[in-house]
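Place chain B on chain A using the hints.
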Amino acid sequence: DGGITQSPKYLFRKEGQNVTLSCEQNLNHDAMYWYRQDPGQGLRLIYYSQIVNDFQKGDIAEGYSVSREKKESFPLTVTSAQKNPTAFYLCASSRYSGNTIYFGEGSWLTVV
Amino acid sequence: GIQVEQSPPDLILQEGANSTLRCNFSDSVNNLQWFHQNPWGQLINLFYIPSGTKQNGRLSATTVATERYSLLYISSSQTTDSGVYFCAVEETSGSRLTFGEGTQLTVNP
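Top line first, the protein sequences correspond to chains A and B. Following the working numbering, the numbering of the first sequence begins with 1 at its first residue and continues without gaps. Following the working numbering, the numbering of the second sequence begins with 1001 at its first residue and continues without gaps.
Bound-form chain A, shown alone (with noise of 0.2 Å):
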């Protein structure tokens, strides 16, 4: 099936760790995005990217790193910068920018 696929579904952290969210998309879309959603609230823009082998920041890039080496993988790294990294992760995708746009499930990040 098409579609955006995200692992793991839940994920735990030390404080001090690194931890890297997988986004793994077969829609051949050329845009890929990461959001952050925190209890109650919207989703706010952390990076996205238009085309392979470049991304841009978005709202609240700091404390992440992105790459974009294939058009269908899009890895988030949550570094040990990020202060308050427990949050709902969601990786999304469109055919190209300012297009349709379609989430996968999701990724919970808690820091233990």
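From the derived model, a few chain B residues whose C-beta atoms are all more than 12 Å from chain A:
#  : residue
1  : Leu1011
2  : Leu1013
3  : Asn1018
4  : Asn1024
5  : Ser1026
6  : Asp1027
7  : Gly1052
8  : Gln1055
9  : Arg1058
10 : Val1064
11 : Glu1067
12 : Thr1080
13 : Asn1108
14 : Pro1109
Some, not all, of what chain A presents toward chain B, calculated at C-beta under 10 Å:
#  : residue
15 : Ala31
16 : Tyr33
17 : Leu45
18 : Ser97
19 : Ile101
20 : Gly104
21 : Gly106
Across the chosen pairs, the derived CB separations fall in these ranges:
#  : chain 1 : residue 1 : chain 2 : residue 2 : range
22 : B       : Gly1001   : A       : Asn18     : 23 to 31 Å
23 : B       : Thr1106   : A       : Ser7      : 29 to 37 Å
24 : B       : Thr1106   : A       : Glu105    : 20 to 28 Å
Calculated directly from the structure, the hints in this document are not laboratory data. None of these values were measured; they are calculated from a predicted model. We treat Cβ as the ideally placed atom computed from N, Cα and C, and that holds for glycine.
Structure of chain B alone, referenced to chain A:
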């Protein structure tokens, strides 16, 4: 950046009732999209509607770009309509979506 305001923040309905959700935005936009987030966190795209009116079953949406607002209509609501409804806009100057804070809808049987 652009501001996106949704109202009401919370809405409780009885099954079968109709409702209207509103999304106001502070500047010109390239596009506007409506989403439904279910209780498990999954976001589903409902409409891509930069202007005009669209309908999909019991749901319809209207965007009046010149007046900077969009409305989402839900008719004959069902318990499965419960969740959070978000609107998101793309500024004319950018290529990313800005989300509103959402409307939490609860439909009781």
